[in-house]
Amino acid sequence: MDYFAQQLINGLVLGSIYGLIAIGYTMVYGIVGMINFAHGDIFMIGGFIALITFLLLVSLGLTAIPLILLLVLLVAMAVTALYGWTVERIAYRPLRHSFRLAPMLSAIGMSFVLTNYSQVAQGARVKPVPPIITGGYTLHEGAEGFAVQLSNMQIMVVLVTIVLLAMFTWLVSRTRLGRDMRACEQDQTMAALLGVDVDRTISMTFVIGAALASVAGMMYLLYYGQVDFNMGFVAGIKAFTAAVLGGIGSLPGAVLGGLAIGLIETFWSAYFSVEYKDVAAFSILIIVLIFMPTGLLGRPEVEKV
Amino acid sequence: MQASRTAGIPFILKKAFLSACVALVLFSLMIGIRTEAGPDGQLTWWTRFGDLASIVGLVFGGSIIIELLRQWLGPIGAEKLVPAPVQRGLSLAGRFLGPALLVFTLLVPVIFYNQRYILDLAILVLTYVMLGWGLNVVVGLAGLLDLGYVAFYAVGAYSYALLATNFGWSFWVCLPLAGMLAAIWGVMLGFPVLRLRGDYLAIVTLAFGEIIRLVILNWQSLTGGPNGVSGIPRPTLFGIPLDNSDDGLAAKLGIDYSPTHRIVFLFYLILALALLTNWVTIRLRRLPIGRAWEALREDEVACRALGINTTTTKLTAFATGAMFGGFAGAFFATRQGFISPESFTFQESALVLAIVVLGGMGSQLGVALAALTMIGGFELFRGLETYRMLVFGMAMVLIMIWRPRGIIGHRAPTVYLTKAQAISSDLVKEGHG
Numbered sequence: 001m002d003y004f005a006q007q008l009i010n011g012l013v014l015g016s017i018y019g020l021i022a023i024g025y026t027m028v029y030g031i032v033g034m035i036n037f038a039h040g041d042i043f044m045i046g047g048f049i050a051l052i053t054f055l056l057l058v059s060l061g062l063t064a065i066p067l068i069l070l071l072v073l074l075v076a077m078a079v080t081a082l083y084g085w086t087v088e089r090i091a092y093r094p095l096r097h098s099f100r101l102a103p104m105l106s107a108i109g110m111s112f113v114l115t116n117y118s119q120v121a122q123g124a125r126v127k128p129v130p131p132i133i134t135g136g137y138t139l140h141e142g143a144e145g146f147a148v149q150l151s152n153m154q155i156m157v158v159l160v161t162i163v164l165l166a167m168f169t170w171l172v173s174r175t176r177l178g179r180d181m182r183a184c185e186q187d188q189t190m191a192a193l194l195g196v197d198v199d200r201t202i203s204m205t206f207v208i209g210a211a212l213a214s215v216a217g218m219m220y221l222l223y224y225g226q227v228d229f230n231m232g233f234v235a236g237i238k239a240f241t242a243a244v245l246g247g248i249g250s251l252p253g254a255v256l257g258g259l260a261i262g263l264i265e266t267f268w269s270a271y272f273s274v275e276y277k278d279v280a281a282f283s284i285l286i287i288v289l290i291f292m293p294t295g296l297l298g299r300p301e302v303e304k305v
Numbered sequence: 001m002q003a004s005r006t007a008g009i010p011f012i013l014k015k016a017f018l019s020a021c022v023a024l025v026l027f028s029l030m031i032g033i034r035t036e037a038g039p040d041g042q043l044t045w046w047t048r049f050g051d052l053a054s055i056v057g058l059v060f061g062g063s064i065i066i067e068l069l070r071q072w073l074g075p076i077g078a079e080k081l082v083p084a085p086v087q088r089g090l091s092l093a094g095r096f097l098g099p100a101l102l103v104f105t106l107l108v109p110v111i112f113y114n115q116r117y118i119l120d121l122a123i124l125v126l127t128y129v130m131l132g133w134g135l136n137v138v139v140g141l142a143g144l145l146d147l148g149y150v151a152f153y154a155v156g157a158y159s160y161a162l163l164a165t166n167f168g169w170s171f172w173v174c175l176p177l178a179g180m181l182a183a184i185w186g187v188m189l190g191f192p193v194l195r196l197r198g199d200y201l202a203i204v205t206l207a208f209g210e211i212i213r214l215v216i217l218n219w220q221s222l223t224g225g226p227n228g229v230s231g232i233p234r235p236t237l238f239g240i241p242l243d244n245s246d247d248g249l250a251a252k253l254g255i256d257y258s259p260t261h262r263i264v265f266l267f268y269l270i271l272a273l274a275l276l277t278n279w280v281t282i283r284l285r286r287l288p289i290g291r292a293w294e295a296l297r298e299d300e301v302a303c304r305a306l307g308i309n310t311t312t313t314k315l316t317a318f319a320t321g322a323m324f325g326g327f328a329g330a331f332f333a334t335r336q337g338f339i340s341p342e343s344f345t346f347q348e349s350a351l352v353l354a355i356v357v358l359g360g361m362g363s364q365l366g367v368a369l370a371a372l373t374m375i376g377g378f379e380l381f382r383g384l385e386t387y388r389m390l391v392f393g394m395a396m397v398l399i400m401i402w403r404p405r406g407i408i409g410h411r412a413p414t415v416y417l418t419k420a421q422a423i424s425s426d427l428v429k430e431g432h433g
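Protein chains in written order, with the working numbering: chain D, 1 to 305; chain Y, 1 to 433.
No wet-lab data here; the hints were simulated from the structure. Treat the hints with care, as some may be off.
What the hints assert, rightly or not - Just some of the chain D residues that point at chain Y, by a computed CB distance under 8 Å:
(1) Y3
(2) T53
(3) L55
(4) L56
(5) L60
(6) G61
(7) P94
(8) S106
(9) S118
(10) Q122
(11) N152
(12) L177
(13) M292
(14) T294
(15) L296
Unchecked claim - Quick list of simulated restraints, FRET-style, between CB atoms:
(16) D/G123 / Y/L222: 51 to 57 Å
(17) Y/G50 / D/L139: 38 to 44 Å
(18) D/Y137 / Y/K15: 34 to 40 Å
C-beta: ideal position from N, C-alpha, C; glycine also.
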């Protein structure tokens with residue numbers, strides 16, 4: 001039971017990170033109708049930016065951990081958002097009206113560019129950081145000396161996810177930008193006729209998605225204590241699975257799907273085999289797409305002739 | 001024209017300046033600062049402002065050049081029908097380029113007999129030509145976007161490697177078996193994805209490819225895991241080995257043994273396999289099943305309305321494509337003598353798909369030329385291993401922006417009323433499967 005509770009906590013934390021990445025997939029798919037293959041790599045870039053900013057701030061002599069974390073968060077979000085914007089501007093916007101395969105292939109190319117760019121720029125070796133947020137609580141002392149731990153780090157990851165999700169739900173449902181986004185999602189031509197700047201709205205979608213992915217990257221860095229140039233691909237596919245599972249185009253669905261994928265992966269590793277945890281995630285992707293393509297909270301897609 | 005260009009200079013400079021500013025922000029942290037893990041796990045960092053400055057300068061200069069080119073060339077108009085003279089030229093070139101290339105390929109081992117490097121490269125190019133033609137059946141003809149094609153390549157390679165090392169079966173027995181096993185896997189993938197289309201199909205095939213690779217990687221008792229399978233037997237000329245022994249081919253023919261014999265044999269083997277793929281594809285296109293594939297690519301709903309069985313159509317496309325992938329895999333295993341999961345990553349799938357797309361999807365000659373360009377281009381960057389994939393990714397993005405329809409962006413229709421008129425590929429659909 002204790003073991004189960006511990007895995008539940010770990011799974012929820014991992015799921016929060018996937019959920020943050022999945023939001024980027026779901027928003028882009030909802031509006032542009034394409035799988036942003038490079039999104040996983042944006043998450044990886046976010047992790048690297050956070051790492052470098054952190055190093056710089058520590059070297060400058062800052063010691064207050066909360067201040068450092070806040071600054072790292074802001075810098076990582078800003079710079080990674082610019083990456084998202086640039087990727088959209090270079091690789092996707094010229095292909096807006098091309099045939100359907102074109103943006104997808106362009107996105108795959110962009111994913112290779114980002115992965116290998118960070119390998120060239122920062123080297124191939126794993127970059128470790130010492131634990132920054134330490135301490136935690138022991139929730140339950142088990143019989144065989146196994147204790148259920150809840151670390152401060154885990155609390156922070158979940159809190160940040162909840163706060164960001166609340167912020168962006170408000171953004172999409174209450175602000176002008178959110179209204180523009182929903183309008184573009186329904187009908188781009190009509191939205192343009194009614195005075196919505198479609199290009200700008202799509203750009204902003206990518207910017208927001210990238211900013212959230214950078215937060216996920218930073219959480220990953222703090223939680224696992226390392227980043228490497230290769231971590232974007234698998235994390236990206238899992239987050240995409242989460243987005244599909246939750247119902248693509250739905251913001252709460254993305255987080256729900258993320259939590260589900262995080263839990264499944266953690267329990268699979270804990271009770272079956274660690275080696276096959278990625279196989280489990282990929283199998284879920286296939287099963288969900290085949291049997292439940294609209295996901296948990298999605299709307300069914302009607303085929304028009 | 002002149003006036004508009006001179007008036008544009010402040011605009012161009014402003015644009016270039018903005019691009020440089022964006023580049024500065026993008027690269028300041030990632031390139032301006034280099035981190036590395038020290039020996040005791042402590043992170044160290046140093047600055048590289050020189051590199052940063054040169055890259056930002058490059059972006060500034062590059063965006064001026066791009067903007068000038070854009071003004072000079074004007075907007076790229078979308079041509080629907082290929083103009084008649086161009087069409088005549090293309091069909092003429094198409095008529096002669098193919099046979100000329102084939103004759104040249106046949107003569108490659110004669111011309112470059114003493115240049116092992118060129119022969120090896122030619123074998124590699126032909127392997128990708130074959131893979132490209134195999135995937136072309138699925139993506140180009142049937143319009144089913146497959147991002148996991150490398151899975152079938154892996155199935156073929158491991159089938160041959162395991163059958164040959166465990167049971168000592170010869171290459172010629174294993175080759176059809178490898179193709180059949182890959183085809184079975186193709187059907188197994190095909191069944192569940194029958195209802196999926198477009199992006200979802202792509203992502204499921206990608207997941208399938210990754211699953212196969214992960215299983216190969218982790219099923220240590222069967223596949224040797226990350227260590228791979230080594231000591232895979234070399235192919236024989238129908239039982240006659242190509243080695244230095246007494247029953248070797250050289251001894252039987254009474255000529256001096258040379259290791260090049262085997263390379264030349266491998267060259268003609270893969271050439272024959274590739275030509276088989278090409279021939280089968282061309283023949284199938286003229287059969288009802290090929291017509292059904294192309295109809296499926298254009299419009300699935302109309303296809304169903306006309307009474308075409310989309311299930312068998314899709315499954316045969318997957319199985320045929322997978323079978324050729326399996327053949328290529330078996331060849332790869334026998335050529336390398338050693339295989340490991342590292343050879344079957346997603347990057348390989350993307351490379352083959354890029355070859356098919358660059359080749360114009362559906363054009364056999366285009367795919368062959370694209371394979372030559374891509375693999376040749378890769379060889380140019382041989383010394384710069386880390387930059388290779390970076391350049392490959394950039395090339396993929398640029399090709400999509402510049403010529404999303406590939407080098408040969410036109411199609412000769414299979415069925416026509418009075419005369420065959422090539423149409424621009426803009427008029428055909430892909431990936432809607």
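**Report entry** Given hint D/N152 near chain Y, where the shortest CB pair must fall under 8 Å
**Finding:** Since the shortest Cβ distance to chain Y is 22 Å, the answer is violated.
Query raised in the report: Is the interface hint for D/L56 satisfied, with its Cβ closer than 8 Å to some Cβ of chain Y?
Result: Since the shortest Cβ distance to chain Y is 7 Å, the answer is holds.
Query raised in the report: Can the suggested window of 51 to 57 Å be confirmed for the beta-carbon pair D/G123 and Y/L222?
Result: violated, 35 Å
Query raised in the report: Is the shortest C-beta separation between D/Y3 and chain Y less than 8 Å?
Result: For D/Y3, the interface hint is violated, since the closest Cβ of chain Y sits about 24 Å away, which is over 8 Å.
Requested in this report: Grab the minimum C-beta distance from D/L296 to chain Y and call the hint holds if it beats 8 Å, violated otherwise.
Outcome: violated, 16 Å
Query raised in the report: Does D/M292 pass the interface hint, meaning its C-beta sits closer than 8 Å to a C-beta of chain Y?
Result: violated, 12 Å
Query raised in the report: How about D/Q122: closest beta carbon in chain Y under 8 Å, or not?
Result: This interface hint holds because 6 Å falls under the 8 Å limit.
Query raised in the report: Should the interface hint for D/L60 be scored as holding, given a Cβ-Cβ cut-off of 8 Å against chain Y?
Result: violated, 12 Å
Requested in this report: Tell me if D/T53 is really an interface residue toward chain Y, meaning its C-beta lies closer than 8 Å to one of theirs.
Outcome: With a minimum Cβ separation of about 7 Å from chain Y (threshold 8 Å), the hint on D/T53 holds.
Query raised in the report: Okay, D/Y137 versus Y/K15 on CB: inside 34 to 40 Å?
Result: Between D/Y137 and Y/K15, where Cβ atoms are some 55 Å apart, the hint is violated.
Requested in this report: Classify the hint on D/L177 as holds or violated, based on whether any CB of chain Y lies nearer than 8 Å to its CB.
Outcome: Result: violated, 21 Å to nearest chain Y Cβ.
Query raised in the report: Is the hint on D/T294 kept, meaning its closest Cβ partner in chain Y is under 8 Å away?
Result: violated, 11 Å
In this structure, the earlier hints numbered 1, 5, 6, 11, 12, 13, 14, 15, 16, 17, 18 are contradicted, and the remaining ones agree with it.
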